[in-house]
Structure formats: structure tokens, C-alpha cells
Amino acid sequence: MINVNNIIKRYGYVKALNDISFQVERGEILGFLGPNGAGKSTTMKILTGIISQDSGTVSVADHDISQNPLEVQKRIGYLPESNPLYYDMRVTDFLKFAAQMRRISSKDMTSVINNIVDSCNIGSVMYKNISELSKGFKQRVGLAQALLGSPEILILDEPTSGLDPKQIMEIRDLIKQLGKEKTVILSTHILQEVEATCTRVIIINEGKIVTSGSIEDLRRNLKGGEAVYASIRGDENAVIARLQENHNISAIDVINRFNDGITSYRITPVTGKDIREDVFHIIAKNGLALTELRRDALKLEEIFIKLTAKENS
Amino acid sequence: MHNIFTILKKELKAYFYSPIAYIFLTLFLGLSSWLYLNTLFESGQTDIRMYFFYYPWIFLFFIPALAMRLWSEEKNTGTIELLMSFPARTYELVLGKFFAGVAFLVMAFVLSLTVAFSVSSIGSLDWGPVISSYVGATLIGASFLSLGGFMSALTRNQIIAFLITVVTAFILFLAGTPFLLKMLPASIVPFVQFLGLGGHFDTISKGVIDSRDVIYYVSFMVFMLYLNTAAIENQRWKHKLGSSLVAVILLIALAFINIISVKVFIRTDLTEDKLYTVSDSTKKILANLDDIVNIKAFFSDNFPEQITHIRRQIEDTLNEYRAYSGNKIQIEYIDPLTDEETEKKAMDLQIQPQTPQVRQKAEVKAVKLYFGLAVFYTDKHEVIPFINPSTFEYELTSAIVKVSAEKERTVGFLTGHTEPDMQKDLGAVCDALSRQMKVEPVEIKSGTPIDKTLSALVIASPANITDTDKFAIDQYIMSGGKVLFFVNAVQVPEDMPYGTPRKHNLGDLLEHYGVKINTDVIADYEYQGQVQTRQGNFVMSQPYVYFVVAVNKNMNHDHPVTNKMNEVIFPWVSSVELVQGKLAGKKAVELVKTSTNSSAASVSNGVDLQPKMEMPQGSNFSQYTIAVAVTGEFDSFYANKPIPMPPPPKEGEGPPPPPSDPNSIIKKSPETAIVVVGDSDFITDNFGGRSKSNQIFFQNLIDWLTMGEDLIKIRSRETAARPIEEVSDSKKFFLKAASIAGMPLLVIIFGITLALVRRAKRYSMM
Numbered sequence: 001m002i003n004v005n006n007i008i009k010r011y012g013y014v015k016a017l018n019d020i021s022f023q024v025e026r027g028e029i030l031g032f033l034g035p036n037g038a039g040k041s042t043t044m045k046i047l048t049g050i051i052s053q054d055s056g057t058v059s060v061a062d063h064d065i066s067q068n069p070l071e072v073q074k075r076i077g078y079l080p081e082s083n084p085l086y087y088d089m090r091v092t093d094f095l096k097f098a099a100q101m102r103r104i105s106s107k108d109m110t111s112v113i114n115n116i117v118d119s120c121n122i123g124s125v126m127y128k129n130i131s132e133l134s135k136g137f138k139q140r141v142g143l144a145q146a147l148l149g150s151p152e153i154l155i156l157d158e159p160t161s162g163l164d165p166k167q168i169m170e171i172r173d174l175i176k177q178l179g180k181e182k183t184v185i186l187s188t189h190i191l192q193e194v195e196a197t198c199t200r201v202i203i204i205n206e207g208k209i210v211t212s213g214s215i216e217d218l219r220r221n222l223k224g225g226e227a228v229y230a231s232i233r234g235d236e237n238a239v240i241a242r243l244q245e246n247h248n249i250s251a252i253d254v255i256n257r258f259n260d261g262i263t264s265y266r267i268t269p270v271t272g273k274d275i276r277e278d279v280f281h282i283i284a285k286n287g288l289a290l291t292e293l294r295r296d297a298l299k300l301e302e303i304f305i306k307l308t309a310k311e312n313s
Numbered sequence: 001m002h003n004i005f006t007i008l009k010k011e012l013k014a015y016f017y018s019p020i021a022y023i024f025l026t027l028f029l030g031l032s033s034w035l036y037l038n039t040l041f042e043s044g045q046t047d048i049r050m051y052f053f054y055y056p057w058i059f060l061f062f063i064p065a066l067a068m069r070l071w072s073e074e075k076n077t078g079t080i081e082l083l084m085s086f087p088a089r090t091y092e093l094v095l096g097k098f099f100a101g102v103a104f105l106v107m108a109f110v111l112s113l114t115v116a117f118s119v120s121s122i123g124s125l126d127w128g129p130v131i132s133s134y135v136g137a138t139l140i141g142a143s144f145l146s147l148g149g150f151m152s153a154l155t156r157n158q159i160i161a162f163l164i165t166v167v168t169a170f171i172l173f174l175a176g177t178p179f180l181l182k183m184l185p186a187s188i189v190p191f192v193q194f195l196g197l198g199g200h201f202d203t204i205s206k207g208v209i210d211s212r213d214v215i216y217y218v219s220f221m222v223f224m225l226y227l228n229t230a231a232i233e234n235q236r237w238k239h240k241l242g243s244s245l246v247a248v249i250l251l252i253a254l255a256f257i258n259i260i261s262v263k264v265f266i267r268t269d270l271t272e273d274k275l276y277t278v279s280d281s282t283k284k285i286l287a288n289l290d291d292i293v294n295i296k297a298f299f300s301d302n303f304p305e306q307i308t309h310i311r312r313q314i315e316d317t318l319n320e321y322r323a324y325s326g327n328k329i330q331i332e333y334i335d336p337l338t339d340e341e342t343e344k345k346a347m348d349l350q351i352q353p354q355t356p357q358v359r360q361k362a363e364v365k366a367v368k369l370y371f372g373l374a375v376f377y378t379d380k381h382e383v384i385p386f387i388n389p390s391t392f393e394y395e396l397t398s399a400i401v402k403v404s405a406e407k408e409r410t411v412g413f414l415t416g417h418t419e420p421d422m423q424k425d426l427g428a429v430c431d432a433l434s435r436q437m438k439v440e441p442v443e444i445k446s447g448t449p450i451d452k453t454l455s456a457l458v459i460a461s462p463a464n465i466t467d468t469d470k471f472a473i474d475q476y477i478m479s480g481g482k483v484l485f486f487v488n489a490v491q492v493p494e495d496m497p498y499g500t501p502r503k504h505n506l507g508d509l510l511e512h513y514g515v516k517i518n519t520d521v522i523a524d525y526e527y528q529g530q531v532q533t534r535q536g537n538f539v540m541s542q543p544y545v546y547f548v549v550a551v552n553k554n555m556n557h558d559h560p561v562t563n564k565m566n567e568v569i570f571p572w573v574s575s576v577e578l579v580q581g582k583l584a585g586k587k588a589v590e591l592v593k594t595s596t597n598s599s600a601a602s603v604s605n606g607v608d609l610q611p612k613m614e615m616p617q618g619s620n621f622s623q624y625t626i627a628v629a630v631t632g633e634f635d636s637f638y639a640n641k642p643i644p645m646p647p648p649p650k651e652g653e654g655p656p657p658p659p660s661d662p663n664s665i666i667k668k669s670p671e672t673a674i675v676v677v678g679d680s681d682f683i684t685d686n687f688g689g690r691s692k693s694n695q696i697f698f699q700n701l702i703d704w705l706t707m708g709e710d711l712i713k714i715r716s717r718e719t720a721a722r723p724i725e726e727v728s729d730s731k732k733f734f735l736k737a738a739s740i741a742g743m744p745l746l747v748i749i750f751g752i753t754l755a756l757v758r759r760a761k762r763y764s765m766m
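So the sequence lines, in the order shown, correspond to chains A and B.
Note that the first sequence covers residues 1 to 313 in the working numbering.
Note that the second sequence covers residues 1 to 766 in the working numbering.
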């Protein structure tokens, strides 16, 4: 569906994208992961024909974007970063305008807009100025705009940023729903988001693809991906000493000290081992109190730290 | 197209859904009409040009304000990414936004029509300049818009876009105005004038839509829209080098188109009286100038407001002359009141000031006005002491013809046969003629031919033409001479209205040339002049059927002499006929006819010419020809005749001149022309000679015979003053209020209503 080959993009002397290649198959929901400034938005702008790459090729549904940008743009619904909208317009006028730009004929207009208004649940704000809407509604209006004309491909640049948890849940559900019929690329810097919605992930940093694959692949490939978070009441040194006796555990870090004598640790295992039971037994055997034990998902930052460290070594 | 239209609608709505539109419309409508209507009643003329005079100045600030948001806002809010993600070409976005601005302007213009309607309600308004001014305003407004759009595409800051546009527009606008041009060296003035946005608006707003101005504005817009597109494209695609190259090529191409358009252009004069259209004849004369003609216009700068439009109109005409001469004509404006030396220069050229009484702010005083000009060509010059706008073109073209003619024309008036005297009887027409040519008496001396170099010979009301005279006239024609025969077949004594035949003795000669003069007198019961009769102590005017007035519908419309003539008076005129048998190979046209309600009375036995009060019963009414022209190659009347011998010399005079050599007779003429009119009183001072139209008719005849058709087609035209009616103060107030406050108020009410409707709808949905 989407073929990106060796694209390079410079802003002045800075290489925003440095030789990026990837493919997206029909029906995939691809998560584009990376910190701010990694090149996510630049990649998306190139895919949507807003800017052009300096070199390399991009083709969407067998249309080369440099040769035939309109054919590509017809197939893509796009939610730009930070969701810019015409704040002076009413929702209804805005959607009509976007529908006309997407060449929806005037006889289909009403039904198309009504469908999208229903699926995005924005019927109650149709006659409000966009400037008056809450952030969640604005985001849904932005999504609705991207969905007009039922494009085969959706490109969503940080669709959940700035939303409250409930709104995030709603948008994620909506994306999952859409992913059943469409190819979706979304960018984010939140790993949970990728976990919750995506079938595949590409991690990008400093204009390069660091890694890509399914979520599980990714985790598995990371050294010490299966860390455990534990809160334990008792003497810190004793706890660390007992835990270090287990040969499946490779590292123990103190994360927090609470004033009621509880300390929380991250316990990193040797690759590929699940050490939750081991930790439980060690604590129980030594008469310490375990107040919390869970698998500790790595923060994106930590994955990056690891990945960049891996690259450097 | 679809995308352009979609963007257009969106942008237009954006204007109206935000306060911009209402602020703009209110200020624009209020300010423009206030500036104009304040001075309207003082000027006393329905000249709407002063209204549009303010437009570009208002545009300088308002249009940058309209244009500044076009791209800057999109860039600042990031919506430009949304816009660019739609399947549309960049130029479609640019055009959509541009045309939205233009559409908004046009709406503003429609609302501003109240001013034109107000003016037309209190006087006769010439709508031509109104229409062309709106066209011009749209062009200059759209040009400013395209400039503003480009500037807006360069920055995300609207204020910066606004300021750069104002400054650039100001410079481009000033370049075409006299204010700046005065400070530049003369050699680059025309170039800078052409580049400036302002000068082109001036010419359009006066009522002339000229392809040069339109092409200039369109070129400007095309270039700016290209730059706008390139600016946006470059931010997307980075083809800086390529687009700069295209810009340079485009600029060269547009310059080329404009250079051609200056040479090949069309213009439409929308003014009712075609005020700014120099006639084809003048154009032809100007195009044939082979050297520089300098015009020094001595116009004083102290023209009262009421008549500045006349001065401007004359200056416009002078500019047309310069344009059509291909800059062979150079014009210098001099204010003779600058210092005494300059004034003396004007006086030396016989340029005379006039001192009209002028009302200025409730005070009447005399103003010394100079409004004359001098035309210089090599060592010759001609002067128009004080310009009369209605005959200006004719006078100026005549002056140019006169100074630039290689050989001055000479018209001879035949004397010695009791013809009217050139000073005493033909003073008016001779005066008029002498402005353009030499006028001299011609006496036929026995046996000597008439000077062939005469441009034309006028034979007015001769009596007892002798055979030798006729031979001389015939041979003059045979050598290519042109003759105007104004033959009185009727003799009317000064003190008694009674007609008897006049023995002109030209009948056989003219008949040989194809024209027969009837010995009759025409009475026209439809169009006639007046005579004054004395009854006791009273002088009464009454219609007089024997003074035939020829009106335009009875003139030959296909002939340059007569096609625009009207109301030429012919006292005691006889009918003339074309003799078809004699006209083989020649072209004969009937120039002037009487009305169809005319009758002809034979004067062979004398006829009573008392004024008649009623139409006679039982007469046969018909239409009679009274003037004809014959052109072609003429056969000599004496081709197969003996040469008439001159009469024997009287006692005491010299020996008889030797008889002419029969072989020296010219038997056939080259291509030439004669004119025959059954009357001569139409050019004498006592009858028709003082009438302007009679003079023009006579001049037309002479010009047609001597100069081809060039000068004749320049008609004298009336430049109608268009005064404002007397209006009561309350109506003045109403008209001012309606335009200055009424329209802006309507706009505001509309805006508030729209906002309220939208508000109501929004809450009804919740």
C-alpha cells in the first residue's frame, strides 16, 4: 500500500530524515514512535504531499507522490499535528468545505457528513464555532475531516495528544474501529498507545528508523524487556542482597523510598526470563513484606536509551 | 475550477463571519462617500471622477488589510497543512483566495453604487465613466490584492504582511502620479509613468477603457499571483532556482506583451459624448507626422474648481495626441503666472488670458486665466489663444496640419462678376478659413489661365460670366483644379422680397459637367428659418419657408462632408439635378436635400417671396436636391469648340493678348472634383455665414476638396456641462446621509443579524 524508500529530508543543514525506508500493508495500523523532533511529523507531511523529500521515493497505491501528488492525496485522510482547524468556522461549514475539497458531490454531501458526524459523535456541536469546542471535540472534528470521502489511508499525527484519559480512550477505540477497514498510520510518543491500538510499530530517532516490528517482537528484542516493579517493606540493603543471590536477576534499581519504610525497586532479569515468581519467593522466604508486584513496562525514553546504547556499542 | 471556487467560497465566508468584512465595508463606504459628497455641491457638476479619485488612496490601506490574512493566518494557525493536504494544486489555492478578495471588493462596489445613484438623482450623470471607473477600481484593487497576497505568503505575521504591502503599494502607486513624475528627468518619465499603478487608473476612471491599461494591470496580477504560488510551492517543494528562473522568464514575457500592447491597442470611450476619442482623421494626420511637433500649453494653475474638469479633459486630449503621434508630439505645460517673463512669453505668442467671474465660497471675483497653446514645427508655429473645448480637436488638428503641411493651402475666391465681397460679405467664413489656409481673391485676366496651384476655387454668386471666363474655369478644372460653384439662380433685391432670375451664365458649362441648375426657388414647409419683419414699430420673427434649413436626416450620411452636419440654412436656394447622361465614368453624389414637404416655384417670370403664414393648398410637395458633388475625370467643355476670343481691349489699354494656341487646350482632366450648390447666400455674413454649422459645412467642402477627407470627419462636439440641479438643503442632507451613514449602517445591521441568526441556530441544537 505504502512504499517509502530511502527518503532524505534536510531543513537547512539539519537532516530531519536520514535514509528512511519502510512499507505499510493494507489493513495495518502502524504506530510511528519517537520523541519530539525525531522526524515523525516530517515523514507524515511527506506521505501526505505537503512537503517533498530531497531524495528517495514514496509511492502510495502505486502512485509516485512526486509525479502524481493529487492521486496520492485523494487516497489519504490526514490529521495534522496539533490539529489545526479554522476556528472562525462552524463545524458544519468546516466539514462542508473539507468535503468539497475532497470532491464529494453535493448530492452525497449530506449523507456523507451525517455518517461521519455520527461515527465521531459530534452532532451536538455542528452549529458551534470551532473555537468554542473543547479539546476533545476539536480532535473529533479533526478526525471527522480526515475521514471525509472514506480515504483508504488515514494518517494521524499524534491523535491523542493533550486529551484527558477518557477522551484518549474514546479516540483509541475509534481508531481501532477504523483500522478494521483502513490502513492507518499514527504517530505518538506514548508506548501504551501503540500497545493499545497498533499492529505494528516503527521507532524513529534523529531521522533514522531505530527498529520496527510487532509490539511483542520489539519487547522481546530489548535486553531486559521483562523488568518487574516491586514495593517491599524492609531494610533496603538486605532486600538487595537477597535478590542478588538469584542468578536470573541481572540488576536492581531503587526507584522510590516511601516514608512508611517501603521502598520500590525495578528488578531487571536476565534476558527472556520471567522472574515474578522468583521475586515473590525470595521476599516471602526472608520474612519481608511485598506490598506491590507487577511487570514494569519500559517507558519509551528507556527503550530509546537502550536502543541508542545498543547502537553505540 | 471546482477547487478554486470552493476556496473562494470559504474565504468569502471567512470575511463575513469575522468582523473584518464589516469594518472594511463600513469604513470604505463611509469614508469614500464622505470625501466626495463634501465637495460635490460646491463643484456644481455631476462629475463622478472626484469620487473615484479617492479610491486608490483608500485602497492603499484597506486592501493590504484585506489581503494580509490570506496566507499569514493559515501559516500562523497551521491550517495551511490541512489546506495543502487536500487534493488540490497550489495555484488553485492561490487563485481561490485571490478571487475571494476580488469578489469581496466587487460586493463593496455594488454597495457603493448609492453614491452614483444619489448624484444621478440630482443631475444628468454620465454613466460611462462610472462603469469604467468601477472596472478600473476592480483592476487596481485586484492588483493591490495580488501584491498583498504575495506578501502574506512570505510571512506568518499579518502585521508585517500588512506593512510591507502598504509600503510597496504606495511606491508602485506613486510612480504613476504627477507628484513623483515632476521630480524625475524627462527621459524616464514615460517609462516610470507606465510602470506606476496610479496613472493607469487615471485614464480608465475618466471613461476610457484602454487595452493598454487592462493588459498592464492583468500582467501585474499574473506576475504577483505567480510569485505567490511560487512562494507557497517553495515552502513545499523547494525549487527555488527553478521558480526564480521561471519568474524572470515570465517577467520578460509580460514586459514583451506590454511593449506590444502599447503599439497595438484598442480603447472604448464609454463617455456619452465620446469625449476622449480622437477622431480617425486626427489619428491619421498624427500618424503621418514626420518630425517632432512641440506643443507649449500655457495653462495657468489657478483654475477655479468648477472648471478644473475642462482643463483635465484638454490635458487628456493632449495625451491622446501624444500617444497617437507615437511621441512625435511633445507637450510642455507652462504656467504663465509663474513670473513676468513667462507671462510675457505667452503674450508674445498672442496667447490671451480671459478673466471670467468666478464664485468662490460665496464671493464672486475675477480670475485671470490662461488657457491657450502654441504648436511649433520647424520654424513655423500656430496659436490657439484660448481653448474652446467643443472645437478643440478641430482647432488643434488644424493647427498641426497647418504647421506641418509642406505647402500651405490657398483657396481663391473668384472676383469681378459682382460676387460678394470677401471682407464685407464673406468676412465670417473667410476668417474661419484663414485659420487653416491662405485665402485670396482671383481675378480672371483676359487670356491668362487661372493659377493651377490654387488648392480650390470658390465661385460664389457670379453674374454674367463671359465665355473667356468660362474657358479659364474649364481649363482650370482640366488641369486638376477643384471648383465650388455656389450659384444663385435667383436675384432678390435688398429692399423687396421679389425674386427674378440671375444671369449667372454657367448653365451650359455645369450641364456639360453633369449638373443642372434649375431657375426656381425652393420653399420648405417642414424645416425653415426665421425672418424679422417690421410692422409699424414692432419687429416680429416669423417662419420663412424660402430659408430652407437642411437637417441631418436629409443629408448624405455616407459622405464625410455631410454625415454629421445638421441645420445648415440655405436662403432662396434653387434646386440642382444630376444629368445622368453626362456622368459616365464620374461619381456624383447628392449631398443636401430639402425636406419632403417642399415645393419649387419657377422664377422665370418673377416670384413673390413674401413670408407666407400657411401652406399653400394644392401645391405639389416633393424633396429637392440643393447640393451635389461630382468627382472623376472631366471632359473639356471646349474640346470640340473654338476657343472663345477675348473681348477687344478698350480704349487706352494695351494691345489685345495673343489668342490661345488651340493645341494648348487640355481636353480631359485628371481625377478631380467639383461641388455645385444652388445658393451662395448660405456663406454670406448677412444670411448663413455667421451660423456655425454653415461655416462648418463650407469648411468641410473646402477641406474635402483640398485635403481629402481627413479634417472633415473631426466634428465639432459639444462638451455638455452636467450641472447639478438646485437642491434643497434637506435633500442634500438626505443624499449625504444615505451614502455616508446609510449604507454603512445597513452593513452593520446585516452583520449583527447574521451573527444573531448563527447564535440562535447554535443554541437550538444543544
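It is worth saying that the hints were derived from the structure and are not from the lab.
A quick note: this is a predicted structure, and the numbers were derived from the prediction, not measured.
Mixed in with the good hints, there may be bad ones.
[As the list claims (entries may be wrong)] Label-pair distances were calculated between CB atoms; the ranges are: (1) A:N18 x B:R236: 36 to 46 Å; (2) B:N38 x A:D108: 54 to 64 Å; (3) A:L70 x B:N157: 26 to 36 Å; (4) A:F258 x B:R236: 51 to 61 Å; (5) B:I58 x A:G27: 35 to 45 Å; (6) A:D108 x B:F265: 41 to 51 Å; (7) B:R236 x A:R257: 31 to 41 Å; (8) A:L70 x B:W34: 48 to 58 Å.
Think of the CB as a built atom: it goes at the ideal place given N, C-alpha and C, for glycine as much as any other residue.
Going down the list of hints, with the structure as the test:
In this structure the hint that N18 of chain A and R236 of chain B lie 36 to 46 Å apart at CB is violated, the actual value being about 21 Å. Between N38 of chain B and D108 of chain A the C-beta distance comes to about 55 Å, which sits within the given range of 54 to 64 Å. Look at L70 of chain A against N157 of chain B: about 31 Å separates their beta carbons, and that is inside 26 to 36 Å. Between F258 of chain A and R236 of chain B the beta carbon distance is about 54 Å. The supplied range of 51 to 61 Å therefore holds.
Checked against the hint of 35 to 45 Å, the pair I58 of chain B and G27 of chain A fails, with Cβ atoms roughly 59 Å apart. A hinted range of 41 to 51 Å holds for the C-beta pair D108 of chain A and F265 of chain B, which are about 49 Å apart. Between R236 of chain B and R257 of chain A, the C-beta spacing of about 54 Å breaks the proposed range 31 to 41 Å. For the hinted restraint 48 to 58 Å between L70 of chain A and W34 of chain B, the CB-CB distance of approximately 49 Å keeps it satisfied.
Hint check: violations occur at hints 1, 5 and 7; the rest are consistent with the structure.
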